[in-house]
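Engineer: Here are the chains, one letter per residue:
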Amino acid sequence: MTTSPIHRAAQSTPDGVARKIRGLSDRAIAWIFVAPTIFLLLAVNIFPLIWTIRLSFTNFRVNRPNNDVEWVGLRNYKRILSDPDIWNTMQATAHFLLWTIALQVLIGFFLAFLINKKFKGNDLWTTIIVFPMMLSPAVVGNFWTFLYQPQIGLFNYVVAFFTGADPASFSMIGDVHLAPWAIIIADTWMWTPFVMLICLAGLRSIPDSIYEAAECDRASKWRQFWTITIPMALPFLMLAVLFRGIENFKMFDLVVQLTGGGPGNTTTLTSIDLKREAFEKWRTGYSSAYAVILFVTVFGLASIYVKALNKVKER
Amino acid sequence: MSFSVTEPNKSTKWFAGLLVVTYAVVTIIPLLWIIATGFKSPADSISYPPVVVFEPTLEGYVNLFTDRTRATDDMLEAAGPPQTWYDEIARKRGTIISGPSRYGERFLNSVIIGFGSTFLCMVLGTAAAYAFSRFRVPLKDDLLFFILSTRMMPPIAVAIPIFLMFRNLGLNDTHLGMILLYTAVNLSLSVWLLKGFIDEIPIEYEEAALIDGYTRFQAFYKVVLPQAATGIASTAIFCLIFAWNEYAFAVLLTSGTAQTAPPFIPNIIGVNGKDWPAVAAGATIFLVPVMVFTVLLRKHLLRGITFGAVRK
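Here the protein sequences line up with chains W and G, keeping their order. When we follow our numbering, the leftmost residue of the first sequence carries the number -17, and every step to the right adds one. When we follow our numbering, the leftmost residue of the second sequence carries the number 850, and every step to the right adds one.
A portion of the hints provided could be inaccurate.
With a Cα cut of at most 20 Å, we get these calculated EDC-like pairs of lysine to aspartate or glutamate [claimed, not checked]: (1) W:102 / G:856; (2) G:859 / W:8; (3) G:941 / G:926; (4) G:941 / G:923; (5) G:859 / W:194; (6) G:859 / W:105; (7) W:263 / W:52; (8) W:100 / W:8; (9) G:989 / W:105; (10) G:989 / G:1049; (11) G:862 / W:52; (12) W:263 / W:65; (13) G:1148 / G:991; (14) W:203 / G:856; (15) G:1148 / G:1048; (16) W:100 / G:856; (17) G:1071 / W:8; (18) G:862 / W:194; (19) G:862 / W:190; (20) W:289 / G:990; (21) W:99 / G:856; (22) W:289 / G:991; (23) W:203 / W:190; (24) G:859 / W:190; (25) G:941 / G:1124; (26) W:99 / W:8; (27) G:1071 / G:1061; (28) W:263 / W:8; (29) G:862 / W:262; (30) W:99 / W:190; (31) W:263 / W:50; (32) G:989 / G:1022; (33) G:1148 / W:52.
Below, a sample of chain W positions facing chain G; criterion: calculated Cβ distance under 10 Å [said to hold, decoys possible]: (34) 16; (35) 108; (36) 174.
Simulated from the structure, these hints should not be mistaken for laboratory data. We put the CB at the ideal spot given by N, CA and C, even for glycine.
Given only the sequences and the hints, what does the whole structure look like? Please build it.
Structural biologist: Okay, here's the thing in structure tokens:
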């Protein structure tokens, strides 16, 4: 077993040399294995981020490369933070975030609760429910515009069927009041399964023995739900909210295909607004400052939230 | 069967099952509607009330894969009888097929970029995950958090400098550029997931291999890799699905040669405006593979979507 020439050579040589004969040292291998990943991330993520920060202090415009690039200090930031349109955008984003998270948590948790009753065939139905979230949001979002068509759209038809309204009388995408709900409905349809899966894992992690003990103490089902199920599933619920929060703060593909930010600016979420500034108006410096503000916001909120999450977990 | 107080009774199960099945049926309808619309004629696709029973036609698929020009009766006569079944479908609408559409090309781009980035991502990700799992890497936690944090950035926010950088390097609208970009985006997922999978392989296996005279490297690819095969496969499918579905970078950084299917499908336009059956046909071909993968992945779904934070 240990008679290979390499091994015999290794045994009779000093430690350092032996390691060289037997192959690279662990330390060297660790670096060789990690370095390409770190390098690629630095090149494609961190370098651009630093570049964005640098550009955010200039008046650079991509479409006018021959203009002199001037250092404008904090002017871009001041402009953004004092621009009422940005606050409208932020409000639209907040509205979208709050409602999608609320609906997805409620429906997702309820579904998980039901699936956890272990009825026959629950695996099959869970897989079917999960389909929407795995699909391309852009392609699916585009198709939702078809479902939302007044008169011919399936969504309008179904709503009309149950309410008796005229299916041609309302346009989910064209109406300023309905459009924010159009994106909330589509997003909820798509991402409720995500919350459901995480909640299901949470519910399944609760040991049966706790319920058995509660049953011995004659705690009612209702009481068991509020004092055992909810507190023990809470860290999972919070994790689901964190993921959905970050994802929906970045939301672009689904909504841009559904409404394109319209009508007016009613569904212009921050990512869509940023895309307009950067790739339609080509205000590179300005939009870079915008991007930095967004990133700091996500990162800041996420860190605070993760701290809260860890506290809940410790309990 | 042993009696358990925590086992829900029969009527509870039945009721829960009924509600879940109802939800599943409602949620699957939009997807079934996409598939059905792909087989409808244009008139059926926009009829009121929406039709559920219809005469299936491949017109949507023909329109998806071809470019057609409107032809006058004289032109149709001059062109002679239709040569193929798809020619016949086009002729019925008074159009002549002028050539293949760009959908095939876009689909192929999705395949090349999807598989290319997945492969690269798995090579880099497995190596990094192994190192993070088994060695004492300086600043390990910081590096892991750094890798994860790259996922928090809105794609649009980094798209500007990536656009500039790619332009300088000549990578805009190239397959290589998109492969590198998607690899970088997916690395966070693959490193975190794979680290979890490798952590679960008992370290004793490798120690035994090392004692037997394997080098570290041999132990890695002869012992660890085969053990981690399921984990690597499911991680690869997650990376593939992400690259397959990605839209924001694709729409901003590609326009011609390297454009993938997601930015292309919504812009399919027929001779008379939006051609919904063709859009639906394009969407069906694009979405069905993902549904198949979802079924294959169902055991590891949770792990994948939470970056390994939740394991079953």
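Engineer: Under the constraints set out in the numbered hints, which ones does this structure not fulfil?
Structural biologist: Failing hints, ascending: 2, 8, 9, 11, 13, 26, 28, 29, 32 and 33.
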